[in-house]
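S.K.: What follows is each chain in one-letter form.
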Amino acid sequence: MSIKVLFFASLREQVGHSQMQCPWQADLNPRQVWQQITQTHLPEHILVARNQEYCELDTPLDDGDELAFFPPVTGG
Amino acid sequence: MIAIEVCTTAFDPWQALQQFQQQPAFNTKQSGANAVFVGTMRDFNEGELVQAMRLEHYPLMTQKHLQRLVEQACSAWNLDHVFLKHRVGELLPGEPIVLVAVWSAHRRASFEACRQLMEDLKHQAPFWKQETLNDGSTRWVEKNTAG
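The listed protein sequences derive, respectively, from chains A and B. In terms of the UniProt record's numbering, the first sequence opens at residue 1 and continues consecutively. In terms of the UniProt record's numbering, the second sequence opens at residue 1 and continues consecutively.
These aren't lab readings, by the way, just hints derived from the structure by calculation. A couple of the hints might just be wrong.
Quick look at which bits of chain A chain B covers, simulated, 3 or more residues with Cβ under 8 Å [as the list claims (entries may be wrong)]:
| no. | stretch |
| --- | --- |
| 1 | 7–14 |
| 2 | 41–53 |
| 3 | 67–76 |
With a Cα cut of at most 16 Å, we get these calculated EDC-like pairs of lysine to aspartate or glutamate [what the hints assert, rightly or not]:
| no. | chain 1 | residue 1 | chain 2 | residue 2 |
| --- | --- | --- | --- | --- |
| 4 | B | 64 | A | 66 |
| 5 | A | 4 | A | 66 |
| 6 | B | 143 | B | 56 |
| 7 | A | 4 | A | 53 |
| 8 | B | 143 | B | 46 |
| 9 | B | 143 | A | 44 |
| 10 | B | 143 | B | 119 |
| 11 | B | 64 | A | 53 |
Don't be surprised by glycine CBs; every beta carbon is placed ideally from N, CA and C.
Isolated chain A (complex conformation) (with noise of 0.2 Å):
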């Protein structure tokens, strides 16, 4: 049981990698992904969607999902 995690931008170069896996269980969300995963604490500003929609950092995850970690979007 697990979630793929990714990373993009300048959070993709400051934690070294665009995709993980990290291991799931009840009651698990984004803030507590990102600590176990980088062991640092939360940028400012930083983004995070999970299954390609925006969410809260304490948004609980389920078993499989993608969560995504993003600084503020840039496009257009």
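Dock chain B against the given chain A, drawing on the hints supplied.
M.R.: Chain B only, in chain A's frame:
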């Protein structure tokens, strides 16, 4: 008719518009207005000259999110057609980054929807710019300009 495209090579927005309008499902007889916005890459940012840019995105989320923005615009205004095209990959100054085109019966809906789509795209769609400056160094763009 709705079209959302993300392309990895340079595109000509006017040619893209022409191709969109040549499709059989495109009908302008009911559309009295068409608003078009084209965003291009500048050769300066934050007081520095910029030589090149790389646009990264989150493909699955980009498609999903752009689709949602277009659906929201279609709920808020009575629109006949929407065409949205965004570039990713390596860009040079002067190259188009984004095209937003909206058709409606009257001008207010086209103007407002085009502006709203562009603002929502800039603030929500998962794209990130990395600039190469004239001295060869690179930096991530951290925020959008005020507009």
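S.K.: State for each hint whether it applies.
M.R.: Going down the list of hints, with the structure as the test:
Proximity of the stretch 7–14 of chain A to chain B, defined as three or more residues with a beta carbon under 8 Å from a beta carbon of that chain, is established by the 3 residues found. Here the stretch 41–53 of chain A counts 3 residues with a CB under 8 Å from a CB of chain B, which clears the bar of 3, and the coverage holds. Counting residues of the stretch 67–76 of chain A whose beta carbon lies closer than 8 Å to any beta carbon of chain B gives 8, which reaches the threshold of three, so the coverage claim holds. For the given pair, residue 64(B) sits about 14 Å from residue 66(A) by alpha-carbon distance, which is consistent with the 16 Å threshold.
Restraint check for residue 4(A) and residue 66(A): satisfied, since their Cα atoms lie roughly 5 Å apart, inside the 16 Å limit. Using a Cα cut-off of 16 Å, the hinted pair residue 143(B) and residue 56(B) holds, with the two alpha carbons roughly 15 Å apart. Proximity of residue 4(A) to residue 53(A) is assessed by CA-CA distance (about 14 Å); at most 16 Å being required, the pair is judged to hold. Among the hinted pairs, residue 143(B) with residue 46(B) is consistent with the structure: their alpha-carbon atoms are about 10 Å apart, no more than 16 Å.
Using a Cα cut-off of 16 Å, the hinted pair residue 143(B) and residue 44(A) holds, with the two alpha carbons roughly 13 Å apart. Between the alpha carbons of residue 143(B) and residue 119(B) the distance comes to roughly 13 Å, so the proposed pair stays at or under 16 Å and holds. Of the supplied pair hints, the one linking residue 64(B) and residue 53(A) holds, its CA atoms being roughly 8 Å apart against a limit of 16 Å.
Hint compliance for this structure: every hint is met.
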